[in-house]
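Colleague: Below, each chain spelled out in residue letters.
There are 4 protein chains.
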Amino acid sequence: MLNVAVIGAGRIGRVHARSVLAHPGTRLALVADASPVAAREVAESAGTRWTDQVDDVFADDQVDAVVVASPTPFHVDHIVAGVASGKAVLTEKPVDLDLRRVDACLEQIRGSEHRVMVGFNRRFDAGIQEIRQRVLAGDVGEVEQVVVTSRDPSPPSPEYIASSGGIFRDMTIHDLDMVRFLVGEVATVQATGHQLDPVTGDHHGAVLVLTARSGALATIVNSRHNASGYDQRVEVVGPRGALSQANHRPTAVSYSSAEFSDRQRPWVNFFLERYAQAYAAELDAFVRAVRTGEAPSPGIADGRAALLLADCAVRSAATGRAVAVEELDPATATAVAPTTAGGQQ
Amino acid sequence: MLNVAVIGAGRIGRVHARSVLAHPGTRLALVADASPVAAREVAESAGTRWTDQVDDVFADDQVDAVVVASPTPFHVDHIVAGVASGKAVLTEKPVDLDLRRVDACLEQIRGSEHRVMVGFNRRFDAGIQEIRQRVLAGDVGEVEQVVVTSRDPSPPSPEYIASSGGIFRDMTIHDLDMVRFLVGEVATVQATGHQLDPVTGDHHGAVLVLTARSGALATIVNSRHNASGYDQRVEVVGPRGALSQANHRPTAVSYSSAEFSDRQRPWVNFFLERYAQAYAAELDAFVRAVRTGEAPSPGIADGRAALLLADCAVRSAATGRAVAVEELDPATATAVAPTTAGGQQ
Amino acid sequence: MLNVAVIGAGRIGRVHARSVLAHPGTRLALVADASPVAAREVAESAGTRWTDQVDDVFADDQVDAVVVASPTPFHVDHIVAGVASGKAVLTEKPVDLDLRRVDACLEQIRGSEHRVMVGFNRRFDAGIQEIRQRVLAGDVGEVEQVVVTSRDPSPPSPEYIASSGGIFRDMTIHDLDMVRFLVGEVATVQATGHQLDPVTGDHHGAVLVLTARSGALATIVNSRHNASGYDQRVEVVGPRGALSQANHRPTAVSYSSAEFSDRQRPWVNFFLERYAQAYAAELDAFVRAVRTGEAPSPGIADGRAALLLADCAVRSAATGRAVAVEELDPATATAVAPTTAGGQQ
Amino acid sequence: MLNVAVIGAGRIGRVHARSVLAHPGTRLALVADASPVAAREVAESAGTRWTDQVDDVFADDQVDAVVVASPTPFHVDHIVAGVASGKAVLTEKPVDLDLRRVDACLEQIRGSEHRVMVGFNRRFDAGIQEIRQRVLAGDVGEVEQVVVTSRDPSPPSPEYIASSGGIFRDMTIHDLDMVRFLVGEVATVQATGHQLDPVTGDHHGAVLVLTARSGALATIVNSRHNASGYDQRVEVVGPRGALSQANHRPTAVSYSSAEFSDRQRPWVNFFLERYAQAYAAELDAFVRAVRTGEAPSPGIADGRAALLLADCAVRSAATGRAVAVEELDPATATAVAPTTAGGQQ
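Chains as they are written, first to last, in the working numbering: chain E, 1 to 345; chain H, 1 to 345; chain Y, 1 to 345; chain B, 1 to 345.
Simulated from the structure, these hints should not be mistaken for laboratory data.
Fair warning: there could be bad hints in the mix.
Stated by the list, open to error - Only part of the chain B face toward chain E is listed, based on derived beta-carbon distances under 10 Å: (1) 23; (2) 147; (3) 194; (4) 205; (5) 211; (6) 215; (7) 221; (8) 238; (9) 239; (10) 297; (11) 299; (12) 319; (13) 320; (14) 323.
Just so it is clear, CB atoms sit at the ideal spot from N, CA and C, and this is done for glycine as well.
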């Protein structure tokens, strides 16, 4: 039985707390939140302990693993402290909004990277798992094109957007990870934003085109709003065939009348409902990794890679040109920057 | 080039006239209708000759084949006269509403049955053809269950119904032929009517359960009306799988909004639109049969068999019990009637 | 918190035990099974007590409610004992295979009928709930036709079938309850079985046609086996429109290749997976009924009504004629039997 | 009755010849092709005259209208000669592969632009017509995103590709017209090609992102090959909803087995089958425009606009940056070129 503490008793923290409660191999040992009201509410409904001092988590010998669901600016601190105190860590995405802080985090946990998993929940969706396995089995042949459609039902508050890092780092980052999951490393990113919000200065919509090192071309279509609910589709095409994941609905009921046929209910509305199964499977993958000692996947390097692609998207949307990932990667930028600055893109 | 005359310039006669015009191997040689106005209208728009004397058709040496689209009470006379004058005949269903007249017709054309085809148009629908070929190829294994859903968009006029022979002989007869086409000969018929119309005394809806000699069980669900259009579905199930034909829509466009997802237009409204391809394929099969001298299928014996099943349905709906086909078949009834009358069904 | 005991630690008992564990308002207080091994296994994995003496359940003051998941022959005894000991009862269907025993049970619990719920789980399926609510809201108008397709993925063992009461009482009973749920009381039943198994003497397939008192016509298509999984569809049609529930699949992934398009995985395989949500909702409805003191629905009278329809189906399949429900109902049979025996059906 | 000549007796010329034959308001008066064999074959099967001298068409007083289905390099000459000889012209796309020749053509037919229609057949597809009408009716609100998926079943020959002007001018041009049809004029084009063919030097796949002047963002996903047939989908999204057109299949039959459910046949294979209805509707629109004297739509200006967008795509794919349409338009380029050359894109 793995004793798990959850840091953060907000919306996503509660999702993880419920997953921990429901998993047969985990025990919810502690809930931490700077707000004692929130921490207490979650802990009491689960019959467990709570604290408003996050350091209690790291000092607690009974805690084997930590789920980091705190606000994004605290993720790195909590990851580092978790690893330092010998605990396995499952952190919500993004690791941080600043690539340099992510790199600093990696520096600090060096040698223990295999103890940290990043919560790209969609990788654990049963449909996405099926697509990936079929792609690996050769059902479509060498992947040539991927199209990810990802539209939220409605935008978050302007306050949230203002501190979110923008659509590419906040929302698209899931789709960027999906592209890496399905076609591997990305070489160039081209992004076009639209529907600029005068209040937040952020785009409400965007389309990205990514060239993978494999030669595949991936397209991401994003919007912060969608009338009929949470639009989450993926299409993977190769010379032998195509795999596609359709949206989910609450029921399989359709309605026909004199005006129409086979009308169905709007899509399942948002990520908590749509990815309920994925969050549970994600926790299960984490638990198995902790038990076997193997590196969990996706790891913190995957979190870094997705953030780097988001940074490329920001740059591309601002300049109107495709951005080579190497250009913006601190690990490689010194060498390539002069060349690309010269416009030979 | 096959010179074809069309007898009957009503709705279905016009369908056949158009098919003859469009077929590369046929010429519309003559249009006959007791109404000179109707005959003339169809003939002139097609640039051909017309007559209001149907006997002109049979006397015309330039006519190779006749499409009988006259009112049902004239079918037998026109079939017999057509065959007698050496012409191939494609007749609309039903051959007649009275099985004895059909048998008399068969008697009169004995030896020339292969010159007459009966227009069960649905057999030529591309989807039904695909299902039949796959069934023959063993895709579902030995057929166990067939479900035919057949609902018209709206009922015909009370006048039409009054002379139609009732729902089983007028509407279900197509579905009865479909069952024979897919599972072969039928042994027993059970029929339950409902929605009895006080004006016409006919049922607006019915469900039939037929036991095939093969052991398969076929279900037919009928209604004279259906809000979302012409409901025409077929499902064939066996131990290895199932084949099903869905309804057709005018376009493949779907609409999603805040209230619903993937709403589509109502089904294609009625038989002229839904089976346009089938009418053309039916004529083509007739033309090929005339050319090769082979017996066309479905033949007049198929028309007789479907009518016999409809008679069984009438009896079953009136008595509340399953009716053995042998019971009502004049060819076998003498022997079996006393037994079944005794209630040992 | 409602303290619940589960009697029966077999397959369906375990489903209920898990539902009780997962429900926030219930506690699994005791597991009883004549097999101590089974009882212990379920209880220990749930961290609760167990017994191999079912009477312990009724004697236990800490138990508020009982889930009866014992073999069918014990249902009545356990219902009666549960009610007698002051506990609310949720019993698996069927109440019994013998209508007289059900009537005896009703006699014994007279005045406490509102303390017993019968587990027709499909009523609680989210899709069926949606259909019912829309029917009540008038979306299709007055219901005219219902078609229930219900095919199991594969037959149970011959031993099970031999003691099951036959396909109508064992399998169709769910569909009979569904028809009552959607169109109300049934007046006549016509049933045709096929695929008679030489070993068990039971039909592997059947089609039923039921006339509701409302005038609606309901069709049930059953099979003990289906190649592509658990086939569970419902269609409700009225003058204003149609509602239909499609099958469920494990994911929303489709696959297209050179040979086909949009191929999907087989249906969710069987009832535990297909109706997982329904079992949880059923328990929740039971808990709410116990709390409010209102009679749960479906109650034992619904269990009796479905069994009576199954008896009618057995009679109809044996005689080839439609059976009036009144004929076989002990409560009304005396009066109507002579008439129907005279053949005026 | 409109007397129509068809220039070009190749694949697409034969499509038009058939449409002219089938249309009740047109007569196929003459077929012209440099190959007398081809011209004769088409003309004789249609029972009309033929010539291998294209000038015969323009000199023929009995010809009212001309369908230009000659090889692309001859389009402009035939359009100009047709207009000069007083005939209405329906020309296949593209008008030419060189924008300057298109502009020269426009110059030569100045004042008679309303006599020329360009054959962007997809505009006349019933599904696309439905989408456009619903967009105009406000069903989705102000259009925000369009996604056009367009994949051919298999690539043309290397010889064809070599003279085709490349994927953007040959294949994407239809999708570029579709975007203009649905969201109006385009401001910028970003194109990314992949799957570079070493033989032809052309891309086999590409993704384009276009910013419309309205602010809408349109995405085009192209491939020269697709395993399951001709992939032709369109999605239009706005704040109130989404409209999407699915692929067409030969029948509505689906097949389920132990390994899968609802497998269907591959998509209708290519444009002649998929757009058969659209070609007929296109001719009908042309005939109506000729009769009323109104300018047909799409006109030659639409042909020019689509070609200009294709030129922008070529430039963008070569440079990796978004291209402003004004940059490459000879009509506006002088003014804007210096600025964009300065990199302020």
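Colleague: May I ask which of the numbered hints given earlier this structure violates, with the numbers listed in increasing order?
Modeller: 1, 10, 11
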